[in-house]
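> Below are the chains, spelled out letter by letter.
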Amino acid sequence: MKLLDRLFEGSTRRMAAVTSRRTALARIGSWVVAGSALPLLLPIDRVAGRADAAEAGRPGDPGDPSKCDYWRYCSIDGFLCTCCGGSINTCPPGAEVSLVTWVGTCHNPADDKDYIVAYNDCCGKHSCAQCACTRNDSEQPMYRPFNNNDINWCLGAKANVYNCTVAVIRGVAS
Amino acid sequence: MKLLDRLFEGSTRRMAAVTSRRTALARIGSWVVAGSALPLLLPIDRVAGRADAAEAGRPGDPGDPSKCDYWRYCSIDGFLCTCCGGSINTCPPGAEVSLVTWVGTCHNPADDKDYIVAYNDCCGKHSCAQCACTRNDSEQPMYRPFNNNDINWCLGAKANVYNCTVAVIRGVAS
Amino acid sequence: MSIRRLAAAAALVGALAPVGAHATLPEDTLGQETLPFPPEPHRAYIVDMEFENMVATRVTVIDPDAKRMLGMIPTGGAAPAALSRDGKRVYTADIFYSRYTRGTRTDVLTAWDTSKLEPLWELEIPTKRASTIVQRDALGVSDDDRFVYVFNLTPSTSVTVVDVPARTVASEIAIPGCALNYPVGKRRFASMCGDGTLQLITLDEAGKEAARDKLALFDPNRKPLIERGVVHAGVYYFTTLDGMVHGADLAGDKPKAIEPWSLVTDDERKAGWAPGGWQLMAVSPKSGRLYVLMHPDHHDGLWEDPSTQIWVYDLKTRSKVGTLESPAPVWSLRATSDDKPLLLGTNIEGGLEVFDLTAGKHAGTLPKIAKTPVQVLTH
Amino acid sequence: MSIRRLAAAAALVGALAPVGAHATLPEDTLGQETLPFPPEPHRAYIVDMEFENMVATRVTVIDPDAKRMLGMIPTGGAAPAALSRDGKRVYTADIFYSRYTRGTRTDVLTAWDTSKLEPLWELEIPTKRASTIVQRDALGVSDDDRFVYVFNLTPSTSVTVVDVPARTVASEIAIPGCALNYPVGKRRFASMCGDGTLQLITLDEAGKEAARDKLALFDPNRKPLIERGVVHAGVYYFTTLDGMVHGADLAGDKPKAIEPWSLVTDDERKAGWAPGGWQLMAVSPKSGRLYVLMHPDHHDGLWEDPSTQIWVYDLKTRSKVGTLESPAPVWSLRATSDDKPLLLGTNIEGGLEVFDLTAGKHAGTLPKIAKTPVQVLTH
Chain F
1 MKLLDRLFEG
11 STRRMAAVTS
21 RRTALARIGS
31 WVVAGSALPL
41 LLPIDRVAGR
51 ADAAEAGRPG
61 DPGDPSKCDY
71 WRYCSIDGFL
81 CTCCGGSINT
91 CPPGAEVSLV
101 TWVGTCHNPA
111 DDKDYIVAYN
121 DCCGKHSCAQ
131 CACTRNDSEQ
141 PMYRPFNNND
151 INWCLGAKAN
161 VYNCTVAVIR
171 GVAS
Chain Y
175 MKLLDRLFEG
185 STRRMAAVTS
195 RRTALARIGS
205 WVVAGSALPL
215 LLPIDRVAGR
225 ADAAEAGRPG
235 DPGDPSKCDY
245 WRYCSIDGFL
255 CTCCGGSINT
265 CPPGAEVSLV
275 TWVGTCHNPA
285 DDKDYIVAYN
295 DCCGKHSCAQ
305 CACTRNDSEQ
315 PMYRPFNNND
325 INWCLGAKAN
335 VYNCTVAVIR
345 GVAS
Chain D
349 MSIRRLAAAA
359 ALVGALAPVG
369 AHATLPEDTL
379 GQETLPFPPE
389 PHRAYIVDME
399 FENMVATRVT
409 VIDPDAKRML
419 GMIPTGGAAP
429 AALSRDGKRV
439 YTADIFYSRY
449 TRGTRTDVLT
459 AWDTSKLEPL
469 WELEIPTKRA
479 STIVQRDALG
489 VSDDDRFVYV
499 FNLTPSTSVT
509 VVDVPARTVA
519 SEIAIPGCAL
529 NYPVGKRRFA
539 SMCGDGTLQL
549 ITLDEAGKEA
559 ARDKLALFDP
569 NRKPLIERGV
579 VHAGVYYFTT
589 LDGMVHGADL
599 AGDKPKAIEP
609 WSLVTDDERK
619 AGWAPGGWQL
629 MAVSPKSGRL
639 YVLMHPDHHD
649 GLWEDPSTQI
659 WVYDLKTRSK
669 VGTLESPAPV
679 WSLRATSDDK
689 PLLLGTNIEG
699 GLEVFDLTAG
709 KHAGTLPKIA
719 KTPVQVLTH
Chain S
728 MSIRRLAAAA
738 ALVGALAPVG
748 AHATLPEDTL
758 GQETLPFPPE
768 PHRAYIVDME
778 FENMVATRVT
788 VIDPDAKRML
798 GMIPTGGAAP
808 AALSRDGKRV
818 YTADIFYSRY
828 TRGTRTDVLT
838 AWDTSKLEPL
848 WELEIPTKRA
858 STIVQRDALG
868 VSDDDRFVYV
878 FNLTPSTSVT
888 VVDVPARTVA
898 SEIAIPGCAL
908 NYPVGKRRFA
918 SMCGDGTLQL
928 ITLDEAGKEA
938 ARDKLALFDP
948 NRKPLIERGV
958 VHAGVYYFTT
968 LDGMVHGADL
978 AGDKPKAIEP
988 WSLVTDDERK
998 AGWAPGGWQL
1008 MAVSPKSGRL
1018 YVLMHPDHHD
1028 GLWEDPSTQI
1038 WVYDLKTRSK
1048 VGTLESPAPV
1058 WSLRATSDDK
1068 PLLLGTNIEG
1078 GLEVFDLTAG
1088 KHAGTLPKIA
1098 KTPVQVLTH
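Chains as they are written, first to last, in the working numbering: chain F, 1 to 174; chain Y, 175 to 348; chain D, 349 to 727; chain S, 728 to 1106.
Simulated from the structure, these hints should not be mistaken for laboratory data.
Quick list of in silico lysine to aspartate or glutamate cross-link-like pairs, DMTMM-like style, CA-CA up to 20 Å:
hint: 1; chain 1: F; residue 1: K158; chain 2: S; residue 2: D840
hint: 2; chain 1: S; residue 1: K950; chain 2: S; residue 2: D969
hint: 3; chain 1: F; residue 1: K113; chain 2: S; residue 2: D755
hint: 4; chain 1: F; residue 1: K158; chain 2: S; residue 2: E849
hint: 5; chain 1: F; residue 1: K158; chain 2: S; residue 2: E845
Working from the sequences, and respecting the hints, build out all of it.
Given below as structure tokens:
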């Protein structure tokens, strides 16, 4: 089912924990496919076909970071900063990176390793509304906030206003 | 051409002047037909098929005031208050009627008379975003503001924030 | 809208528009709508996060029978909303920034009149209001309308207790390791905690903490409980990700756990049926029936997925008594509390699906009434 | 974003995530983008009114060659935007309400850095800023970047003159019967008036009115002039609803009208061809070519209709030299000022159509980059 993927593009947040069970789950991670019926709820519709990618794949880091199926996005949920004026590891101009983040564990098909990926929100400007991407993964209810993705993680920024999300490598999952 | 009708639903404002030339033009007034390609710019899409009308036609006042083709809307441009919690002559609860208005001249097919219709904006809440309706009519550039419809006519309200528009009869055009 | 102003408006228009002598249709008078009190039993309030903007958001008020919009309440920053028990107020917990996306943050509790849909008063509260996909139990009202509870997340969690008649902040109660504030009776609220307990806070007459109880309810590591539940006859019902219902009877002096029971048979579980959605459960108080969004081919990652399947249970017999089918996938449910109840579900196209629970069938759709509907409230 | 904060963020993440010894890919560092200065000649700024909300609005910055978003500037209440002549600033004239849709209104001129897209300073201005579909000439900058002109409409019209280096309101100049503020040179702006004249205001060094000239330009009753024009080599060009071009040479001491000329031949006029759109004209400064949105089957009510037809004129010979076709109807045009110019047009689906004016052909579309795009700005 991709229904949640088709819903509230970046409004949910996911954290893939790093226990083996959750690492396993992280690998399942489904990803958004372009829908067509729900433009208001599905900005991905409007960008899935975009020809000009923000960035090309780099050696050992395959795929297009402006597309939802890029490997690092296994646990992301939000607007891709690569479509908003940022990059895979930088916020758009004038958007502040949040000090609080959540991490996922994603499998890199190039070297067959699991990487710890941090998803920092960029904040202080309102919704970028481009390249929404939800990738299902392990999540826990809000009584475990650091494992919960329904929270606006601009908590750590000057203004708690969400713009987009980056996906940075923090190392290899042990 | 219905293209402007398909654009920026309520963001233009029209005034039908009451000279004979303009009365003639007022009769031409094209009206929105349901499109399908532009949901974001075309809320009319999402309501054109709505079965349950806000109000039925009254004797001598034919048509459905929740539909864009209702005769009184010949010069309207905005969200129909009849779809927003108001009626043909009342603002939705809590929305303030603007003190400043513009008028149009519309032909009532029931009695074959031209009526002067005032289009008051309801204000103080943001865009209703239901039943957008644009009916082309005579308009003058902004150097004649009272004949110009590109202005947010919540000018006369406590807060200059546009919600929807009513269409009230002010008499018969002489 | 004062009469004076309306008269002024009419006068101004009159000046602009010469009036004919023999008008077939009379001149209209301008006015403003007011909704009846007490509210129609089916009136609903849709919390719309407007996700592609999320600064100025809204609660859209609708008549699900006539399928029409009755009005709207502008809110700030995806505000949670709650109705007073007497039906006179809608409370919203708003976040405002002086420059919309930056500047000074102001959090307020705003009290809206349910008939005029006008703000009656607001109270500044600590700038800690939780900013999440809107949770029903992020904003609660005591049974006697004396206190309003606001959930804070910074990410430390606490609850701001507002004294309504006094229009003051009575207290801020820390709930470390716990979340949300499920209202209980006149002077209590519960929170769900990461250690698998339900914590029950008792307030004194001043709205300050008087007592704190804990009830072991579930195993958060092996069978986490979904925090979005329903309350019926003093019992809060929740479900695990795989469909085991756990209940907490909070009607008595001390909280009691009820015997867990399953939403699915062994065969259904094997077939992968499990609950999922945002507000995935609703209860019809008069009939004591529970409605749950269910999907097949379950795995844990799908616990918040919308669904077209709604399964119906009798809370007395704890058995499945029926199924409802939605034409579009539904994410959040709410049932009305009258004796001709409707079940309302927000679909993923921004519309509202309406089910007649007396006839037990789908009774139409209110299309595209919201941009990002996340909760439905009824009186 | 200070280095200190980035370090703190990295540390926090480090704490959460144990790091393996032999990472094939190195750890990333967090950062924030900055746009180059001077700006790329094709960089464009799309004014987005977000009509279905219209409280928090935006200017979206894009690269029309790469078809990508470069960033955004949040604005208040469908703000007009203008670029400084030196390319360093984006000015926006914002309206903010303390409670988003109600409360205290504050109007400010905000100065944004074109490289960091951060607000550098703001100045409170009279709470009179015009609220309309965004007009390009509702916000203007003097040729030396000393003054910024803000159009006010209450519905009385005036212009707020902001002294940029002093960060003060230098004056508010009443322009009764006239609208907008077309910037002219270092100390002048023009306004178009309901009596068919163009009014030219000359400022002194303090930004106060020093002189006022009037130029009879058109017949507002029989042949109204569309207020949205273009300026080239000191001459402002406008068109009537039926395609007669009227120009005002404002380069000299006294304003002079130029000889009117027609956008259409008699045959074309008979066939119903006429101009229409919002920002319906653009000029490419290096080539001196004029681009106009044209539609067939014209009547006066269509003067603001979008079109797929763009006709090309040589301003020297005043003759049509070509036609451009857009795949989707376009409402507003802007041409870049470099010597490999692009023509940019906002389409009615919220996208941007890009035309290569050197090759004279359509060069792609940036789809759905805005909700309600109404103006495009370039350096």
